[in-house]
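Undergrad: Quick note, the sequences are listed as chains A and B, same order. Taking our numbering, the leading residue of the first sequence gets 1, the next gets one more, and so forth. Taking our numbering, the leading residue of the second sequence gets 329, the next gets one more, and so forth.
Calculated directly from the structure, the hints in this document are not laboratory data. Source: prediction; values computed, not measured. Take the hints with a grain of salt, since some may be wrong.
[What the hints assert, rightly or not] Simulated restraints, written as ranges between beta carbons of each label pair: (1) B:575 x A:310: 48 to 54 Å; (2) B:510 x A:321: 27 to 33 Å; (3) B:511 x A:5: 57 to 63 Å; (4) B:596 x A:310: 27 to 33 Å; (5) B:427 x A:5: 52 to 58 Å; (6) A:35 x B:380: 38 to 44 Å; (7) A:252 x B:511: 19 to 25 Å; (8) A:310 x B:560: 42 to 48 Å; (9) B:404 x A:252: 34 to 40 Å; (10) A:254 x B:525: 37 to 43 Å.
[Stated by the list, open to error] Partner residues aside, some chain B positions facing chain A, computed with beta carbon under 8 Å: (11) 364; (12) 390; (13) 392; (14) 459; (15) 625; (16) 626; (17) 627; (18) 632; (19) 633; (20) 634.
[Said to hold, decoys possible] Just a sample of chain A residues kept apart from chain B, beta carbon distances all over 12 Å, derived: (21) 9; (22) 230; (23) 268; (24) 287.
Beta carbons: idealized from backbone N, C-alpha and C, even for Gly.
One letter stands for each residue in the lines below.
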Amino acid sequence: MKNKNNLDPEKAEKLLFQMLLMRKFEEKSAELYTKEKIRGFLHLYIGEEAVATGIIQALKPEDYILATYREHAHALARGVDAGVIMAEMYGKQEGCSRGRGGSMHLFDKEKNFFGGNAIVSGHLPLATGMALASKKLKRDNITVCFFGEGAAAEGEFHEALNLASLWKVPVLFVCENNLYAMGTALRYTHAVQEIEKKGPAYGIESKAVDGMDLLKLMEAANKAVEQVRSSGEPYLLVCNTYRFRAHSMFDAELYRDKTEVEKWKKRDPIPKFRKYLLKENLISEAKVQELEKRLNTEIQKAVDLAEAGTWEAKEELTRFVYSENPVS
Amino acid sequence: MSELKKITYREALKAGIREALLNDDRVFLMGEDVGRYGGAFAVSKSLLEEFGEDRIMDVPLSESGFVGAGIGASLAGMKPIVEVMTVNFGLLPMDQIVNNAATLLHMSGGQLNVPVVIRMSCGIGKQLAAQHSHSWEPLFAHIPGLVVVSVGTHEDARGMLHTALEHPDPVIIFEYTSMLNLEAEIQIDAGHTDISRAKVRREGKDISIITYGIGVYKALEAAKRLSEQGIDAEVIDLRVLRPLDEDCFIKSVSKTHRALLVEEAWASVNISSEVSARIMENAFYELDAPVKRLGGSEVPIPYPLHLENASVPQVEDIENAVIKILRP
Ligand SMILES: Cc1ncc(C[n+]2csc(CCOP(=O)(O)OP(=O)(O)O)c2C)c(N)n1
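Pulled out of the complex, with its shape left as it was, chain B reads as follows (with noise of 0.2 Å):
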């Protein structure tokens, strides 16, 4: 066993973006502020001065301005990571993202790669009102072309924007302001991320709770509950939106035998939806129970606490959706 350092979600991101400044001088990153604010949420907070100005790039407000400058430095054969601030203006970049990013490798016939990495902070934060507390990750997993993942962990949120970069082709990294602040331990030598496969975050054999996100901590605390209830649940952290790791799930619902799909996202043509459609084809049979999904309520995100908690899914609300499929 390797040791252990107890570090917060913010402190994994920036020790991802500082290694591969480090590695790589074709990388830099730039963004609304992250220079010399440091960074929105504080992410990028004294890279300015370590990097300079060339690789710590502050830039105007206009999303779809410097998004689509970032996707030609990418064409160009620069490594840029793109910080749109948060998901909630990552609708202005929308087209330069689709009609671009996604779009030009087969609009050349294979010639064009993008290899842009951009990153939204997303999620609801706290009490920030409709237009400040989005959870689009459905949107951008919906679009062929993107690979869409997730930071559920610290693991990942210090493992993932290596294998972005490497990745010949747009990535999208969603990351989460509520969990900025969350202390957690993690290997001192945790490797990079796999973005190619979902992770199972405990193993279980009684059902499958299949989430990402900020739900993969509120499901492990869900599972841990019901363990002493005697109820013995699968996490599955997709990890990859797109493309899903449908394997792994599918494995764990063969063996599990049920499925709670959980995630903030409204609940209507999220993530669970496909996952949902997807253990229908492919593990139908090997069901006990109907899948359920738990996903946020269908209303713009109110500001007061109690309706923004009562719009997504808490671990409380797992726990119980649990409990009904086991023991309706």
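Excised from the complex, chain A in its bound form (with noise of 0.2 Å):
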């Protein structure tokens, strides 16, 4: 039975675990990395779950989703396993990008995961271009694209939206909105800084939804999927969240309060997601403890899997500049 959320037990179980497990994975990672199993960047995205969860959900199968560079929430919520992220943080062949790309560059194509993008707003003018294709193919899959407030004043922002909005594609832009672009808080970057209405200088219908409620996402998410889907026109969501941690592993975070933290920690996505599911019994303590047990098993597992996981051959390193088995 929904409620009148939509929700069933069957989907509220999935999608609280779905959350722990993006958390869970994340400071796993963050300790990793501190051993050294995990080099290079690494962003956690803790804090701002709900957004990818909310997001994602909504989506099909086959429609393409690009993200950033803090996208293992992304991949999760996508159904790329958990193991073979973290055998790619590792740097191990067994990875989703055989170890060449790191905890930045995430991709599956099966899955319909592009991505794992470090150039900050480069992959907006790809999902503009994506969904043209989509469009022109005469699919009926939609393009979702992912990117941070800070994104919102490259130049690739606003021609990705005007061409999208000129060539009428099927693309949602959802503007994870954490308040920061690394130090430089929002009211250092933006004349205007409510993102969403830049979407109507392109004529995008657009929206700001608060980041850090999943039912609130969900709503906005299956309302704005739903329309691109069936106009075949653009759209953008902002969500409005916020990053716990640092930006990434080298941020002393010289630029904000603790105090500031502190407050938005207040509004954590996921306890607030688990008191409702209780509350409206959508699940019970009992299977909410079972949860936390299989989320320690399915940490163990992907742990073991990238510490299983082997290096490449250095003889391969000059493989896959050019295509292997080029298409005749």
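Reassemble the complex: the two chains are provided individually, in unrelated frames, and hints are given to aid placement.
TA: Pasting the structure below:
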């Protein structure tokens, strides 16, 4: 039976588990980073989990997803195996990008997950182009593109929105507004701080939503996705959220107050959703405990897979620069 | 002999910026996260507090926009130091750099000088994968109208900015992320760097190792090891990649009669290609052995450490290459 938010116990459990997995997976990643198992840049999504969860639950498997370098949660939500992601972060060839990408470049073509893009805003034009292809090929899938509010200052954001609107292609632009681009706050970088006001300049319907509340996000995402699908036109959804952790592991967080972070942590989307489910009797305490246990096994499995993973041979170094099986 | 001081590469860079800001009111630093964050690599840490917002400007993510604005400010009498966080993002403002900075003087019949300085950190970091490990000095060195310099030593980290700011034309300065924490001793009163000249970093008689950037310390280390085997290598730091100081390396090759060219940039069409061609044109009959190049492997830089290391010349590679040339 579905409640007024269109939730039944099965879906409720799935979504809660997904968010818990994202959180635990990244906490584990941070730990493994300090142990130098994971190297390079590592950008955590902790605090923002409701956004990826709320948006991706509204999609079909054939819809394309593009994300940033802060994309572990998106990959998990899309169903990329936690172990394969972890192996990628270890740099092992069992990883989803053969270990060649690392944390910032998770790709899984089969799952229609197109990265893992680390040039800020660089993937927005790609999203517009992929949606254009869907239109030309008369596919009924849509493209969803995640990016930060920092990216919305880039020319490529504006160019991509303009073209998407001009060409009338089915792309959902999802701005994850966590208020900071590295250490520079929104107020120092945008003359008009409501990002949702930028869509209408290009004739794109736009909406802002509370990014800390999964229920509100699901409602907004369902509507936005449905609209993009039926109209075949772009839409801009701005999710106002906050990252609880540093920008990356190299960030001393000199630019914001601890009190501000603590204030936002009170709005943590995960306990909020869990509380709601318990209140609505969509889940039981016993079930929650069972989920936590399953979670630990899942994380352990992921780490084991990564640990057992193997290094690609040096002789393979120059592979994949050009296609190995060019299609004639 | 003047007093020596131990200093990191990062501190040397910062000292150069501070001195420039103190010397001339027209100088200001702008870039992403140079202020409140303290610089992406903490190079400009605390400069905002010392010099204020007018002179240490945080800018939004919009590389074309702010690099263009820096070029404009220099046209109108300012002396901007524009920091593009890393060369990896340097393709976004490439249009501004090529079509405006490098071109205006010529296009205006010699009327418009563009005395802008653009700093970019460059090279392989620590397992930052394909989109964050570029060595693109050759891309910029291809463009007439630009002065392109490379900071291979601590002395130049401190001394280059001053001369670059005095130059009437646009100067691109490449700094190296992986060297930031490296300590070295420099003379307290070491002056400013002559950015029209290459520099012989070690004199030798058996072979000329010609390099720049990260290659300099690697080549010096290799030369040290080679000296233990009775080989006396000369090490040349090209330092200015456009226009090249041909006299310096032609003179050296005419003395040693052998040359090994070393750099991290992809091997085809890199700086060494140009140096090699000039040796053929100007010192062919001086050579006792073919010129040999050691460049970066022609592959997007992979994430795993062992593959990353395999992608660029290491000290042992330099050592082995020299031995092969001298004792075939
Ligand atoms: C074109 C470009 N410029 C600069 C950077 C360095 N950088 C990486 S993430 C980041 C901040 C981006 O902020 P935002 O778009 O709001 O996303 P968030 O990291 O907050 O999720 C910066 C400046 C980059 N990767 N690409």
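Undergrad: Quick check on the hint: residue 626 of chain B CB to chain A CB, less than 8 Å?
TA: With a closest approach of 7 Å, the residue 626 of chain B hint holds.
Undergrad: Given a hinted range of 27 to 33 Å, is it respected by the beta-carbon distance of residue 596 of chain B and residue 310 of chain A?
TA: For residue 596 of chain B and residue 310 of chain A the Cβ distance comes to about 31 Å; the hint holds.
Undergrad: Is it true that residue 254 of chain A and residue 525 of chain B lie within 37 to 43 Å of each other by Cβ?
TA: Once the Cβ atoms are compared, 39 Å apart, the range 37 to 43 Å for residue 525 of chain B and residue 254 of chain A holds.
Undergrad: At a threshold of 8 Å, is the proposed contact between residue 634 of chain B and chain A supported by beta-carbon distances?
TA: holds (6 Å)
Undergrad: Going by Cβ atoms only, is residue 627 of chain B closer than 8 Å to chain A?
TA: Because about 5 Å separates residue 627 of chain B from the closest Cβ in chain A, which is inside the 8 Å limit, the hint holds.
Undergrad: With 34 to 40 Å as the target window, see if residue 404 of chain B and residue 252 of chain A comply at their CB atoms.
TA: Holds, at about 36 Å.
Undergrad: Interface hint check: residue 392 of chain B, Cβ to nearest Cβ on chain A, cutoff 8 Å. Holds or violated?
TA: holds (5 Å)
Undergrad: Please test the hint of 52 to 58 Å on the beta carbon pair from residue 427 of chain B and residue 5 of chain A.
TA: About 54 Å separates the Cβ atoms of residue 427 of chain B and residue 5 of chain A, which means 52 to 58 Å holds.
Undergrad: Do the numbers back the hint for residue 633 of chain B, that is, is its least Cβ distance to chain A under 8 Å?
TA: holds (7 Å)
Undergrad: Quick check: does the Cβ-Cβ distance between residue 252 of chain A and residue 511 of chain B fall within 19 to 25 Å?
TA: Holds - the Cβ-Cβ distance for residue 252 of chain A and residue 511 of chain B, about 21 Å, lies within 19 to 25 Å.
Undergrad: Classify the label on residue 230 of chain A as holds or violated, using whether its beta-carbon is more than 12 Å from each beta-carbon of chain B.
TA: holds (33 Å)
Undergrad: Is the shortest C-beta separation between residue 625 of chain B and chain A less than 8 Å?
TA: holds (6 Å)
Of the numbered hints given earlier, the model fails none.
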